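S.K.: Line order of the protein sequences matches chains Y and L.
First residue of the first sequence: 0, per numbering that gives the first Met the number 0; consecutive thereafter.
First residue of the second sequence: 0, per numbering that gives the first Met the number 0; consecutive thereafter.
Please note: incorrect hints may appear among the correct ones.
Claimed, not checked - To spell it out: a stretch of chain L is covered by chain Y in this simulated footprint if at least three of its residues, at any positions, have a beta carbon under 8 Å from a beta carbon of chain Y; those stretches are:
1. 171–177
2. 198–210
3. 276–287
4. 319–333
Unchecked claim - Partial list, computed: chain Y residues near chain L (C-beta under 7 Å):
5. Leu149
6. Thr152
7. Ser198
8. Val314
9. Met348
10. Val352
11. Glu362
Treat the hints as calculated values from the structure; they're not laboratory data.
Only a predicted model underlies this, so the values are computations on that prediction, with no experimental measurement involved.
Glycine is no exception: its CB is placed at the ideal position from the N, C-alpha and C atoms.
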Amino acid sequence: MVATNDTPRPANTVQLLTADGRFQPSDPAGEYLPYLERLGEEDYRTFYRDMVRVRAVDNEGANLQRQGQLGLWVPSRGQEGAQVGSARAAKPQDNLFPSYREHVVGMIRGIDPVGIMGLLRGTTHGGWDPTDPAIQGFHLYTLVIGSHTLHATGYAMGVKLDGKVGTGDPDVDEAVIAYFGDGATSQGDVSEAFVFAASYQTPQVFFLQNNHWAISVPVKTQSRTPLYLRSSGFGIPGVQLDGNDVLAAYAVTAKHLDDARNGEGPSMIEALTYRMGAHTSSDDPTKYRTDDEVAYWAERDPILRFRAFLENQGVGQAFFDTAEEEAADLAADVRRRTLALEVPPIESMFDNVYSEPHPVMDEQRRWLQEYEASFGGDA
Amino acid sequence: MSDLRGETGYVEAELVEDETPDGDSAVHDEPFDDTQAIDVVEIVESEPGSLVLEEHVAEQEWTREFVVEDETVPEQAAAIDTESEVGEPQESRAAEAETPAEPTGPRIQSMPMVKALNAGLRRALAADPKVLLMGEDIGPLGGVFRVTEGLQAEFGAKRVLDTPLAEAGIIGSAIGLAMRGYRPVVEIQFNGFVFPGFDQITTQLAKLTNRHSGAVSMPVVIRIPHGGHIGAVEHHQEAPEAYFAHTAGLRIVAPSTPNDAYWMIQEAIASDDPVIFFEPMSRYWPKGDVDTEENPVPLHASRVVRTGTDATIVAWAGMVPVALRAAEVAAEEGRSLEVVDLRSLAPIDYAPVLQSVQKTGRLIVAQEAPGTVSVASEVAAVVAEKAFYSLESPVLRVAGFDTPFPPAKLEGVYLPDADRILEAVDRALAY
């Protein structure tokens with residue numbers, strides 16, 4: 000394996016499960032162990048089902064793209080542990096601001112994965128309504144790297160202004176998660192988000208998935224020091240965890256979200272993980288990384304690891320078979336409904352550009368209607 | 000201070016350090032102390048063509064006949080009750096403030112635009128507890144132009160936020176606050192300093208309502224000091240409206256009088272769409288009458304501010320008094336110029352412009368910004384399309400040159416003055 004300065008090292012990394020699925024907490028994991036007591040056996044099974052479900056959707060997305068049904072697919076394979084653990088740690092009243100690879104985070108919060116397909120098929124710029132109570136505060140994807148970390152920070156400022164921090168009522172206090180990646184840490188907006196979060200002591204967790212590659216550029220080009228140290232200079236404590244360990248991701252995020260809701264301010268989590276697939280379907284990772292590196296991370300796959308843990312716990316084959324079947328059914332359903340996504344009405348271009356009436360939109364909509372009608376259609 | 004910041008000694012220490020005079024923020028510091036500001040007023044007032052304040056005010060009175068029915072700003076009685084739950088205002092210095100918290104004084108009051116904006120912001124803060132002010136140095140200092148003077152003392156540091164020195168951070172966090180249901184009013188310290196936040200404005204703020212299919216509105220106002228005539232250093236005198244006018248999703252307005260400033264800032268805050276609010280710095284200090292009861296015209300209305308028959312001058316912001324001065328001079332020479340104050344640059348209310356051109360047959364568009372791919376270009380194109388048979392001459396643009404804004408000693412050459420407008424009038428009338 001290529002030795003990098005941020006290869007998971009239990010000596011300074013929170014890890015609960017070894018790569019072969021044994022429960023063996025690393026030294027820094029001690030303070031997070033109490034948070035595992037919130038989990039029962041059914042939660043474990045849910046975590047596993049979450050990961051298997053999104054991997055099936057992921058495979059289907061890649062297939063749909065290859066078949067010309069999507070313009071682009073953004074795979075999340077390999078990052079399911081970091082995403083499921085952190086998302087399951089959030090409470091219903093929390094708000095989560097994703098980048099664009101957090102498919103399972105959205106699914107856990109209640110979005111229909113067909114919304115993601117619509118975004119990548121070209122039928123919408125959104126795909127879901129974050130204000131819908133059924134979505135549980137999962138905000139829209141932001142394609143410009145790092146821009147949304149400021150939106151998350153402003154939102155968290157609003158949570159604090161609303162007095163929904165540190166009341167002691169676990170159903171009232173709220174927190175915000177900003178998901179971002181190793182490439183995003185170089186963006187000025189992310190540094191400014193750290194500045195504002197620290198200055199206003201927002202109830203916020205910055206959740207960094209270090210998947211080691213920003214398209215073709217290795218994390219070393221972004222930072223010569225481990226990224227979990229990045230935020231401390233801003234006054235925001237950071238912690239590093241093994242992102243392919245869903246239990247570590249859960250426990251650490253649960254604690255930091257609790258701290259945020261209790262009024263202890265922002266923190267940053269660096270989840271060390273790996274993007275097993277390409278950046279997007281347009282990418283060719285064989286041009287910039289080695290088979291050895293990919294093989295190293297394949298052995299640390301979050302789903303295989305957690306399955307080994309569950310098997311050690313006595314979970315039987317029937318559960319895994321059922322989970323696979325359910326995931327396959329979901330993927331088939333997503334595929335069927337993706338193919339049924341219709342081209343939006345052409346006049347919808349002019350809708351919602353503004354919230355209030357706008358004469359230019361009215362004029363151009365009217366012109367397009369007349370133009371289309373001039374061809375003898377029924378517009 | 001009972002603000003959002005943490006109570007840790009570390010943060011406090013950093014804040015104190017920020018206030019040292021040798022800090023990196025020197026370039027963001029105000030260019031003038033109070034004495035200099037007074038000098039600037041005098042310079043502006045003594046410059047031919049820059050100021051015809053009394054005539055202009057008189058024109059305002061005259062144009063009342065153009066008043067259009069408009070929704071009135073809500074009364075504040077209800078808002079007073081909500082104040083206590085928003086956060087305890089610090090020891091109130093309201094009594095010291097020169098402008099009234101609500102329009103209880105005389106209906107017509109004479110004040111400079113900075114005070115009119117202050118009064119309008121105060122009324123908006125009092126009317127809606129979700130209204131927040133954010134920006135650099137807007138708290139105890141009251142902003143480098145004192146537009147927010149006294150407002151933090153009156154409404155508290157949870158309503159008037161001194162932010163870290165980062166424009167993308169200010170606008171990006173304002174977006175998040177708007178998602179949470181707040182109505183942030185952002186102050187950009189100088190026009191040339193908006194560009195670190197330009198990406199958040201054009202790529203995020205302007206597009207978020209559309210991206211959300213209308214489920215989320217973005218009621219964010221971005222106040223930007225606009226234009227030249229004040230003798231300041233680089234990046235402080237630009238007229239960047241064209242960059243924003245090219246972006247769908249933004250509304251852009253620019254008042255030219257204290258009365259318009261008072262009303263338009265309140266209407267911009269009440270709008271559910273993002274509004275870029277340009278404040279002409281050359282108009283900050285001259286006084287004008289403010290009618291605190293009657294809103295003259297809607298936010299996006301353009302308005303004839305002087306009637307005439309020979310040619311039409313369209314202008315906005317700091318160019319309006321220049322155009323009016325040109326009309327004065329022309330009148331002495333027997334030429335009758337009509338002047339339209341555009342007021343709104345996106346969308347543009349073309350009806351008064353087209354009506355005027357149909358009457359005069361000639362149009363000159365005057366602006367401080369460079370002419371290439373500008374708002375003046377757009378006005379010229381639209382008028383050519385919609386009033387072609389009324390035109391007796393080509394539409395002419397009188398604009399800043401396509402150079403960087405020059406050093407201050409050359410700004411009088413760079414910025415169009417009354418003579419440059421009259422030169423264009425001569426050319427138009429020669430057809």
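S.K.: Hints first: check each against the structure and report whether it holds.
M.R.: Taking the hints in turn, this is what the structure says about them:
| no. | hint | result |
| --- | --- | --- |
| 1 | 171–177 | holds (count 7) |
| 2 | 198–210 | holds (count 8) |
| 3 | 276–287 | violated (count 0) |
| 4 | 319–333 | violated (count 0) |
| 5 | Leu149 | 3 Å, holds |
| 6 | Thr152 | 5 Å, holds |
| 7 | Ser198 | 5 Å, holds |
| 8 | Val314 | 41 Å, violated |
| 9 | Met348 | 9 Å, violated |
| 10 | Val352 | 5 Å, holds |
| 11 | Glu362 | 9 Å, violated |
Hint compliance for this structure: hints 3, 4, 8, 9, 11 are broken, all remaining hints hold.
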